[in-house]
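Chemist: Listed below are the residues making up each chain.
Number of protein chains: 2
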Amino acid sequence: VIVLIGFMGAGKTTVGRLLAPRLGLPFVDTDALIETRTGASVAEIFESKGEGAFREIEREVVAEVLAGPDAVVALGGGAVNDPVTCVALEWTTVVYLDAPYSESMHRIGADPGRPLLTIADPRALYEERKVSYEGLADATVDTSARAPEAIVQEVMLRLAPEEDESARFRRVVVPLADRRYEVVVGAGVLAALDSLLPPSDDAEKAFVIAHRGVVDDALNTLRAALERRGLEPHLLDPPSGEESKSLTTVEALYTELAERRAHRHDLVIGLGGGVITDVAGFVASTFNRGMPLVHVPTTLLGQVDAAIGGKTGVNLPHAKNLVGTVYQPALVICDVELLRGLPHEELRSGLAEVTKYGFIAEPSLLDFVEQRAVELLAGDADALVDVVARSAAIKAEVVAADEFETGERAILNYGHTFAHAIEQTAGYGRIRHGEAVGLGMMAAAYLARELGRIGDEVVERHRRVLDTLGLPNRAELDIDVLEPTWQHDKKYRGGVRFVLLAEIGKADYGIEAPREMVARALERLKR
Amino acid sequence: VIVLIGFMGAGKTTVGRLLAPRLGLPFVDTDALIETRTGASVAEIFESKGEGAFREIEREVVAEVLAGPDAVVALGGGAVNDPVTCVALEWTTVVYLDAPYSESMHRIGADPGRPLLTIADPRALYEERKVSYEGLADATVDTSARAPEAIVQEVMLRLAPEEDESARFRRVVVPLADRRYEVVVGAGVLAALDSLLPPSDDAEKAFVIAHRGVVDDALNTLRAALERRGLEPHLLDPPSGEESKSLTTVEALYTELAERRAHRHDLVIGLGGGVITDVAGFVASTFNRGMPLVHVPTTLLGQVDAAIGGKTGVNLPHAKNLVGTVYQPALVICDVELLRGLPHEELRSGLAEVTKYGFIAEPSLLDFVEQRAVELLAGDADALVDVVARSAAIKAEVVAADEFETGERAILNYGHTFAHAIEQTAGYGRIRHGEAVGLGMMAAAYLARELGRIGDEVVERHRRVLDTLGLPNRAELDIDVLEPTWQHDKKYRGGVRFVLLAEIGKADYGIEAPREMVARALERLKR
Chain L
-1 VIVLIGFMGA
9 GKTTVGRLLA
19 PRLGLPFVDT
29 DALIETRTGA
39 SVAEIFESKG
49 EGAFREIERE
59 VVAEVLAGPD
69 AVVALGGGAV
79 NDPVTCVALE
89 WTTVVYLDAP
99 YSESMHRIGA
109 DPGRPLLTIA
119 DPRALYEERK
129 VSYEGLADAT
139 VDTSARAPEA
149 IVQEVMLRLA
159 PEEDESARFR
169 RVVVPLADRR
179 YEVVVGAGVL
189 AALDSLLPPS
199 DDAEKAFVIA
209 HRGVVDDALN
219 TLRAALERRG
229 LEPHLLDPPS
239 GEESKSLTTV
249 EALYTELAER
259 RAHRHDLVIG
269 LGGGVITDVA
279 GFVASTFNRG
289 MPLVHVPTTL
299 LGQVDAAIGG
309 KTGVNLPHAK
319 NLVGTVYQPA
329 LVICDVELLR
339 GLPHEELRSG
349 LAEVTKYGFI
359 AEPSLLDFVE
369 QRAVELLAGD
379 ADALVDVVAR
389 SAAIKAEVVA
399 ADEFETGERA
409 ILNYGHTFAH
419 AIEQTAGYGR
429 IRHGEAVGLG
439 MMAAAYLARE
449 LGRIGDEVVE
459 RHRRVLDTLG
469 LPNRAELDID
479 VLEPTWQHDK
489 KYRGGVRFVL
499 LAEIGKADYG
509 IEAPREMVAR
519 ALERLKR
Chain S
-1 VIVLIGFMGA
9 GKTTVGRLLA
19 PRLGLPFVDT
29 DALIETRTGA
39 SVAEIFESKG
49 EGAFREIERE
59 VVAEVLAGPD
69 AVVALGGGAV
79 NDPVTCVALE
89 WTTVVYLDAP
99 YSESMHRIGA
109 DPGRPLLTIA
119 DPRALYEERK
129 VSYEGLADAT
139 VDTSARAPEA
149 IVQEVMLRLA
159 PEEDESARFR
169 RVVVPLADRR
179 YEVVVGAGVL
189 AALDSLLPPS
199 DDAEKAFVIA
209 HRGVVDDALN
219 TLRAALERRG
229 LEPHLLDPPS
239 GEESKSLTTV
249 EALYTELAER
259 RAHRHDLVIG
269 LGGGVITDVA
279 GFVASTFNRG
289 MPLVHVPTTL
299 LGQVDAAIGG
309 KTGVNLPHAK
319 NLVGTVYQPA
329 LVICDVELLR
339 GLPHEELRSG
349 LAEVTKYGFI
359 AEPSLLDFVE
369 QRAVELLAGD
379 ADALVDVVAR
389 SAAIKAEVVA
399 ADEFETGERA
409 ILNYGHTFAH
419 AIEQTAGYGR
429 IRHGEAVGLG
439 MMAAAYLARE
449 LGRIGDEVVE
459 RHRRVLDTLG
469 LPNRAELDID
479 VLEPTWQHDK
489 KYRGGVRFVL
499 LAEIGKADYG
509 IEAPREMVAR
519 ALERLKR
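Quick mapping for you: the protein sequence lines, in order, are chains L and S.
Here this note's numbering is used: position 493 in the first sequence is 491, and no number is missing along the way.
Here this note's numbering is used: position 395 in the second sequence is 393, and no number is missing along the way.
It is possible that part of the hints are untrue.
Repeated chains share a single entry, so a pair holds when one copy, or any two copies, can fit it.
[To be verified] For lysine-lysine, the following BS3-like pairs were computed, each having C-alpha atoms within a straight-line distance of at most 25 Å: (1) K318 - K203; (2) K504 - K47; (3) K128 - K47.
Please keep in mind that the hints were generated in silico from the structure rather than gathered at the bench.
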C-alpha cells in the first residue's frame, strides 16, 4: 500500500488517480470510501454527528484500507491527527506531497474576487500539519509549480527501488476515463511484452499484422514473448505500401481472422509503420465488435504519433483515412531498438513530428532536439527514448482531454493542413510525411506572422530547427494548387481553419485567415 | 430551476442525475459545487472552519444556483435550515423526496454487521427536517421501496403541466457516462424529429439510409422534418434483404457518402428494419471516424431491441455480425405509427423480444403482454407505446451498466443461444427471429428446469405466454445439429454458456450445462 498525505490542495487525489494505474494498483480515496460506506455525504456526517464521530469512522476505514490489498491511497488531510492511524502508517510507504504555504492557499482559494474560504488561522494549521506529515513521510515530493504528470513521474522514481525490472522503461499513461492504457518506451521493451500485457483469461491467440521479411527480428522477439505468455501467435501479412491501406486489405484480413476463428478476447497486434498500425487498428476495432489491440510501431513517426491516440484509418479513392474509427489500444510498445538501422531520412521525418510537440506544447523539447540533433539522427538510444517518451506524454495529455477531437485535440494538426495539401499535390509517397509536416509548420509560421500573432524570432526558430535536422524549410507552393485539396478535406466546412501558434509552446485551433494572407505566407516560403 | 430536497439517503443525487437529462437540463449538486468552488472537500471545510462557515458558503452557492440558468438541483440536506435559502426556494419548483424514517435509516446505514453511522438522536433530526421539507415542497414524492427510475417517472408526471408539447412522448434515457442519448417513444414522433434532434451548428446534410418504395410515407415525413431543421436530405437506398448486410453494401455506401461530400458533423439516419439500422450504424461509426447517427426503426423488433444499445453489424460469409462496432446513436425515434399495417407475424416476432425483457427483468411486463395480447397484435397504439417504452427502459439500463458486454449485458441474450442455432440450421429467413427467440426461451426454460434452477410453473409460464401470442413453443431440434453452430460463435470459448433464469424477472449468464442436460431439454421441447 502506498499512502499519499498532504495539506488540502496538495493534489493527493489527482496524483493518486494518475499514479495508481501506472503501478497497476487500484486507487482509494478515504473520504470517498467513507461516503460510500455510510451512504451519507461527509457534510451530512459532520452535521449529524460532529467531527469527533467522523474521525472515528475515518480511523476504522483507514485501518481497513491499510490492512487490505495493495493500493494507492489518498488520505484525508486530517487523518494524521489520529494516533492509531499514525501507528498504522509506520508499516506502509508514505509519500508526502508538499507545497509551500502560499501556493497551498492559492490552490484552495476560490475565485480570488469572491474568496469563499477564509480559514481562521490557516498558517498555524498548515505549520502544525507539516510537522506531522514530515514525520510520517518515507519520501517527500515537492509539488510547487509542477504539473500532475511531473509529480507522478517523481513519485514513481522515488518508489522505483521497490518496483520490478520493467521500471527501467518509461511508462506514459493515456488517461482516458474508462479505458486508460500505457505507452511503454525504452530499449528492449518488445522482449518484455509478456510482462506488460494487461491480464486476460480469455485470450488464446494473438494475431500479428506485420510484413515478413521486413521486421523478422522483431517478429521473432514478439513470437517468443507471446509464447511465454501462453498465446498462440498467428501472422497475417497484408500487402505493403500506402495503396494497400484499403478496404480490400481489410476484407482479406477479416477473412483470415474468421478462418482462424479469432475470438473477441484474442489479441490483435500491429507491428510496423503507420500503414500497418492504422489498418490493424481498424480491423481490431471492427472485428467481433472490437478486439484488444496492441501497437508495436517500428518507425519513429509511429512511436511519437501514429500509434498513440486511437485514430485508425483506411483510404478511399476519394481521400485518405476517410474510413476509420477512434479505438484505443490496450498497450503501445515503443521499443527504440526497433529504430536501429533506420535511414536518416526516416528518423528526420519522425523528428519533424517531435518538433511539432515542441512548438505546440513544450519549448524545452525543441531545445533538446536542437542540442542533441546529431545523436538523435545517429539513432542514440537514450536520446531517442527521451524524445519518444516526452512526445508520447504530450500526445497522451491532449488526447485524454479530447478523445474524439471536438476541440483541443485539433492542435495536434499543427502544420498538417499545409502538409496534407503538399503531400496530395506532390503525390503520396513522393515526399515524406515528416518533410511535408516541416514545410507545413514553416508555412503556418509565416501565416501566423502575417496575422501578427507571432514575431519574426518565432518564424526564425522554425527555420533554424528544421535546418538543424536537415529538413527542407522552403518550397514552391501555390495557393491555387493547395486550395482544392482543402475543400475535399473531411474537416473542411465553410472555409479552411488553421492551427497557428500564439507563442512557442502554445497553439490555437480553428483560425480563419484571408486568402491573400495565405498566399503571402506561401510566397515567403519560396525564399 | 427544479430543486430536490429530502433527508439523507432520500436519493436526491441519484434521482437528480436521471431526471435532469430527461428535462434537457444540467444537474447541479450543491455539495459537489461547493467542493469545486473552494478547492477543498466538505470535510476539510468543516474541519478548518466549522459548520457555521460551511453554511455561509452553502447559502451563497445555493443563491447563485437558484438565480442561474435552468437546472435540476440536489440541495444539501441541511440547507433548508437557512432562512435566506428558504425564502429563495419560494420562487422555484421544489420536490420533496420522502421516505419513512425506518427506510431512511436503513439506506444510510452501513453494513448492518458493522454500523458506522450512529446518530445521537436521528429520529428527532428526521422529524424536524420533515416539517421543513413539507413546508417548502410544491410536490412530495414517496420514494419508499421504489426503483430510482420509477421515482423519476413520478417526478416527471408531477412536473408535467410545465413541460412542452413533446411531453406527450415517452422519453427513455440511455445513461452512458460520456454520451447519453434518448429513445423517444410515441405515436407521431417522427414528425417531431426536428425538435428532438440534439443541437449541431456544423451539420448541413442528413444522409438517410432507407428503402424507397417500402417506407415512402415515413420518408416524406422525415424529409419535411429535416428541411424544417435546415438540413439537406440525401437518400441512400442500398439493396434489401439479409444478404445485403455485407461489406459490399458498406463499400457502396462509403462511396456515395464520399461523392456527396459527407462531413463528419453531418447526420446519418437509418430508417428501416434491423438490417438497415445495423448497416447504417456501422457506416456512421466508420465514415469520417464516426458521424452522428439517428435510428428510426420501422419494426417492433427494431424499436424494442435492435436500434437501442449501439451494436452495429455486417455479416461475413463465415457468420452473422462478425464485423461491427459498438457505436451509440445520438437519438432513437420509436414511432408506433410506423408499425401500422405491419403483418401480425411481424408484431408477434417483436413481442417475443418484449417477453424476453419480462422474463429477465420485469414480471409485470409479462402480465401486461398477456392481458393486452389482442390489442397489441391488432396494433393498438397506446398498448404498443407502453411495451416499447418499457422494453427500451430495461434495455437502456442493462446497456448503461455494461456497454461493451463484458458481463451483465449478456442477459439480453436470453433465449438467443438456442435461437441463433435454430435460425442457422433452419437457414436465415426461413424462420422469423422472434419465433426463434420464443423457441430459444422455451428451450432455456427446460434447461433451467433440468438444472433445478426453476420449477415447473416457470416453464409453464413460458409455454403460456408464447401460446397467448400465437408463437410456436415446440420444435424438433437435435443437439447434434445445434452444437456445431455454437462452436462457430464469436462468444464461444471452451464450451457454450447459457443465460438461464433464476426466477421470473431474474436471469444469470455464463452458465455451463452438461451436454446430456441440453439434450434432455431439447427432448422436452419436442413434446
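Chemist: Determine for every hint whether it applies to the structure shown.
Modeler: Here's how the hints hold up against the structure:
Taking identical chains as interchangeable, the C-alpha atoms of K318 and K203 lie at most 25 Å apart only when they sit on different chains, with a minimum of 21 Å there against 31 Å within one chain. In this homomeric assembly, K504 and K47 never come within 25 Å of each other (Cα to Cα): the closest approach is 49 Å inside a single copy and 40 Å across copies. Taking the shortest alpha-carbon separations for K128 and K47, only the inter-copy value of 19 Å comes in at or below 25 Å, while the best intra-copy value is 28 Å.
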